[in-house]
Amino acid sequence: MAWTKEQMAARAALEIAPGSIVNLGIGLPTLVADYLPADLGVWFHSENGLLGMGPFPLEGEEDSQLINAGKQTVTVVPGGSTFDSALSFGMIRGGHVDLAILGAMQVGENGDLANWAIPGGKVMGIGGAMDLASGARRILVMTQHVTNKGEPKLVASCHYPLTAPRCVHRVISELAVIDVTEGGFSLVELAPGVSLDEVRSKTGAAVRA
Amino acid sequence: MAWTKEQMAARAALEIAPGSIVNLGIGLPTLVADYLPADLGVWFHSENGLLGMGPFPLEGEEDSQLINAGKQTVTVVPGGSTFDSALSFGMIRGGHVDLAILGAMQVGENGDLANWAIPGGKVMGIGGAMDLASGARRILVMTQHVTNKGEPKLVASCHYPLTAPRCVHRVISELAVIDVTEGGFSLVELAPGVSLDEVRSKTGAAVRA
Amino acid sequence: MSITSPVPAGRHRDKVRSSVEEALEPLFDGARIMVGGFGLCGNAEALIEGVVRRGVRDLTLISNNAGNLGKGLNAWLEAGIIRRFIGSYIGTNEALHRAMAAGTLEVEIVPQGTFVERMRAAGAGIPAFFTPTGVGTVVAEGKETREFDGRTFVMERALSADFALIRARRADAFGNARFWRTARNFSPIMASAAHTTIVECDELVALGTFDPDDVHLPGLFVHRVLEVKDHEDPFEYKTTRQRVG
Amino acid sequence: MSITSPVPAGRHRDKVRSSVEEALEPLFDGARIMVGGFGLCGNAEALIEGVVRRGVRDLTLISNNAGNLGKGLNAWLEAGIIRRFIGSYIGTNEALHRAMAAGTLEVEIVPQGTFVERMRAAGAGIPAFFTPTGVGTVVAEGKETREFDGRTFVMERALSADFALIRARRADAFGNARFWRTARNFSPIMASAAHTTIVECDELVALGTFDPDDVHLPGLFVHRVLEVKDHEDPFEYKTTRQRVG
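Chains as they are written, first to last, in the working numbering: chain A, 1 to 209; chain B, 1 to 209; chain C, 1 to 245; chain D, 1 to 245.
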């Protein structure tokens with residue numbers, strides 16, 4: 001049985017080292033924060049200028065000037081700090097963010113990431129995606145294994161416009177955890193009740209087991 | 001009669017526009033601040049990270065962590081701010097400092113400035129001199145007209161190592177105020193009782209009058 | 001003594017303006033205007049509205065977003081006064097999607113970190129720099145790339161503007177400003193990259209109110225200051241958590 | 001579920017150290033060490049002294065100055081543990097002049113703005129940038145120069161280090177730090193450019209003491225924190241004015 005989004009988030013949470021700096025992308029990755037032990041000593045970075053991002057505020061305590069990169073109202077934990085965008089992206093590009101968890105449209109077996117534009121589709125913009133993909137020390141992708149149309153998102157070679165080449169280290173889908181290695185995709189673990197054959201049939205490149 | 005150092009400073013003070021940002025070099029230029037009307041709205045920048053530098057502190061009020069670029073204790077005026085050196089030199093290089101008043105070892109008739117090293121002499125370092133000379137919008141030099149050995153400091157071509165090429169706009173010495181123009185040195189005014197002939201005889205290049 | 005070539009008075013006194021109209025007086029057609037804010041957070045709301053009334057056009061807008069939900073900079077799109085937009089994100093901005101589809105607007109999309117670093121470079125006198133961001137993507141197409149220590153980087157150029165419209169929580173008469181939380185974002189950097197920076201603050205305070213160590217934007221980067229007491233400060237997405245227990 | 005390649009624990013917890021010796025434990029011979037401060041102002045005095053006792057040598061010292069008046073980093077010069085010095089100013093530093101004359105020390109003198117911008121670049125992931133400073137001087141010799149918009153610039157490279165020794169007024173256990181007045185200078189930039197940043201603070205405060213808007217150095221750039229209650233804080237030139245009336 002494939003993982004739910006919440007189970008994917010819980011699985012992704014296990015990838016976060018104690019005492020690390022983590023940036024969670026918009027959408028699915030945002031859920032990961034809910035599955036971290038409070039005493040893990042993890043600091044969340046939001047590229048709009050916030051380190052030490054806390055959970056959503058209680059109703060009535062929202063501050064329109066305290067938001068995350070998805071423009072959602074958030075809070076700041078004790079020890080958090082705010083700063084301008086130049087410093088914020090200096091943190092990212094300079095390798096001070098240990099882990100970024102990002103969504104994906106396609107991941108190539110060489111680690112290429114495409115997550116900002118579909119040819120012929122509406123351009124949504126780049127935002128901080130390219131900086132995160134090329135700057136964070138480790139890139140974890142969280143994504144559904146196939147598109148709404150059933151097409152593989154893990155592919156031999158991305159044909160969507162790239163966000164960054166050769167940047168993805170690991171992918172967590174609802175079916176499996178898969179590493180990007182020198183030799184291509186390599187299975188790390190399967191969701192309960194999911195077979196390697198199913199993963200392989202839904203992946204657009206070879207998956208080593 | 002040649003100007004005293006204090007008279008040179010008073011003359012240099014007239015070069016400072018109301019409401020401008022001014023950086024005063026170490027030594028002679030430091031005196032200029034004493035000759036500015038308080039209501040001129042001038043803000044002094046010190047490249048070690050201070051805007052709105054005030055006068056020396058009263059005895060007993062010195063703070064070892066509040067100094068100017070000459071490492072002298074200073075004060076900060078209401079509305080002043082402190083910042084890191086990257087921002088401070090961004091201000092200089094980015095053209096946000098309207099005027100720098102600097103000392104000189106040699107000034108070339110093309111505006112070249114040499115003020116950091118004498119060949120064969122002790123190297124004192126560069127400090128902020130090169131950034132100021134190439135970054136401030138206007139460079140005013142305050143200097144004795146000749147060296148201790150009687151050699152001209154305003155020369156046809158600098159043979160001391162340059163601080164920045166073609167950067168000096170105006171020179172104030174104890175004898176005269178001289179502009180650097182397309183056509184070389186050009187007299188602006190003489191100190192009282194000083195003759196053009198004296199200025200010319202002590203200058204290592206032609207001086208137009 | 002006479003000064004034969006008197007220096008013109010500097011721009012660092014008498015900065016306080018008493019109306020939006022007065023603050024925006026120097027704007028001109030075809031100007032390049034930076035507007036601070038991340039989405040609707042930290043927008044100079046009164047100045048943004050004022051620009052439409054001011055009647056300038058053919059503007060280049062340099063801002064991370066161009067409004068959203070019909071708010072903020074959407075007003076400029078709807079008034080048709082923007083010829084070109086340089087920013088990083090479009091998302092669900094329907095007004096911007098419409099203008100792009102209609103072909104009335106040139107759009108240059110830049111990675112957000114490159115966007116702010118280009119402005120930081122302009123403000124700091126750096127004409128160009130190398131960054132890893134965008135290498136191997138469309139962003140690097142037509143640009144110079146280069147290897148340093150075995151990794152490839154792309155050269156990006158400084159990005160400056162004629163004006164920056166900035167929102168601050170508090171400012172003084174010299175233009176020293178402080179921002180609140182994530183409303184700081186691009187604003188202090190844009191202030192450094194523009195020829196004329198206009199700050200709209202919630203509260204104008206006396207010179208000396210700020211501790212020198214706590215000025216987010218030194219007044220040297222600011223040329224006009226306007227107090228605007230009431231702001232809408234719209235929420236883009238108001239998200240909350242359940243109160244436990 | 002099992003993780004087959006567990007990620008190593010990050011460096012952002014348990015940063016507080018209880019002695020200079022413990023704080024300096026990771027140092028090694030041949031290390032490149034940045035030391036904050038402008039002259040004697042804002043020096044990490046206890047860490048500087050501790051490095052001599054630590055017994056490492058062949059160091060590259062990256063600091064604007066290298067002490068003065070027999071104080072501060074002069075101790076490193078006198079102990080003979082520096083092989084190379086990168087900074088901007090020597091001035092009346094007799095210990096440095098002696099070491100240079102004796103030929104025991106390589107010295108690289110860099111314009112101060114270029115010095116700090118190179119470190120800022122290293123911290124911000126920028127491998128190289130162009131600056132007007134030094135063009136037409138010995139500083140640009142052997143370096144690539146290039147025209148942008150009719151002006152010539154020189155390309156400078158990022159400058160990083162193994163360690164940064166930083167002095168702060170106050171810091172918390174995550175390493176968030178605040179500086180006092182002009183003691184800030186190069187310190188937050190060096191913290192960003194070093195692999196391991198060690199902060200010596202006058203006062204260790206509880207997490208949450210600082211307003212988030214007023215953290216000068218976010219703890220993300222800091223790896224070890226040490227409280228040192230008593231500092232000499234020497235004056236380099238104590239200058240005063242007369243009390244009037």
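Hints in this document: simulated from the structure, not taken from any laboratory. Nothing here was measured: the structure is a model prediction, and the numbers come from that model. Please note that a few of the clues may not be correct.
[As the list claims (entries may be wrong)] One-sided excerpt, in silico: chain A residues whose CB lies under 10 angstroms from chain C:
#1 G70
#2 V74
#3 P78
#4 D112
#5 A129
#6 A133
#7 T163
[As the list claims (entries may be wrong)] Straight-line distance between alpha carbons at most 30 angstroms, and here's what the computed BS3-like set of lysine-lysine pairs gives:
#8 D:K71 to C:K143
#9 A:K122 to C:K71
#10 B:K122 to B:K149
#11 B:K122 to D:K229
#12 B:K202 to D:K238
#13 B:K202 to B:K149
#14 A:K5 to A:K122
Glycine residues also receive a C-beta, built at the ideal position from the N, C-alpha and C atoms.
Original post:
For the hint on G70 of chain A, does the least C-beta distance to chain C fall short of 10 angstroms?
Top reply: 7 angstroms, holds
Original post:
Regarding the pair K202 of chain B and K238 of chain D, is the alpha-carbon distance no greater than 30 angstroms?
Top reply: Distance ~37 angstroms between K202 of chain B and K238 of chain D Cα, so the pair is violated.
Original post:
Within 30 angstroms, alpha carbon to alpha carbon, are K122 of chain B and K229 of chain D?
Top reply: Roughly 38 angstroms between the alpha carbons, so the hint for K122 of chain B and K229 of chain D is violated.
Original post:
Measuring from the C-beta of A129 of chain A to each C-beta in chain C, is the shortest one below 10 angstroms?
Top reply: 8 angstroms, holds
Original post:
Given the hint that K5 of chain A pairs with K122 of chain A, does the C-alpha gap stay at or below 30 angstroms?
Top reply: OK: K5 of chain A and K122 of chain A at ~26 angstroms, within 30 angstroms.
Original post:
Is the interface hint for V74 of chain A satisfied, with its Cβ closer than 10 angstroms to some Cβ of chain C?
Top reply: Interface hint status for V74 of chain A: holds (8 angstroms vs cutoff 10 angstroms).
Subject >> K202 of chain B paired with K149 of chain B [C-alpha distance capped at 30 angstroms] >> reply: Between K202 of chain B and K149 of chain B the Cα gap is close to 12 angstroms, so the pair holds against 30 angstroms.
Subject >> Restraint check, 10 angstroms cut-off on beta carbons, for D112 of chain A near chain C >> reply: With a minimum Cβ separation of about 8 angstroms from chain C (threshold 10 angstroms), the hint on D112 of chain A holds.
Original post:
Taken at face value, is the distance from the CA of K71 of chain C to the CA of K122 of chain A at most 30 angstroms?
Top reply: Since the Cα atoms of K122 of chain A and K71 of chain C sit roughly 21 angstroms apart, the hinted pair holds (cutoff 30 angstroms).
Original post:
Given the hint that K71 of chain D pairs with K143 of chain C, does the C-alpha gap stay at or below 30 angstroms?
Top reply: It is violated: about 49 angstroms lies between the C-alpha atoms, which goes past 30 angstroms.
Original post:
Is the shortest C-beta separation between A133 of chain A and chain C less than 10 angstroms?
Top reply: A133 of chain A check passes; min Cβ-Cβ to chain C is 8 angstroms, inside 10 angstroms.
**OP:** Grab the minimum C-beta distance from T163 of chain A to chain C and call the hint holds if it beats 10 angstroms, violated otherwise.
**Re:** Holds, about 7 angstroms.
In terms of the numbered hints stated before, the structure departs from hints 3, 8, 11 and 12, listed from lowest to highest.
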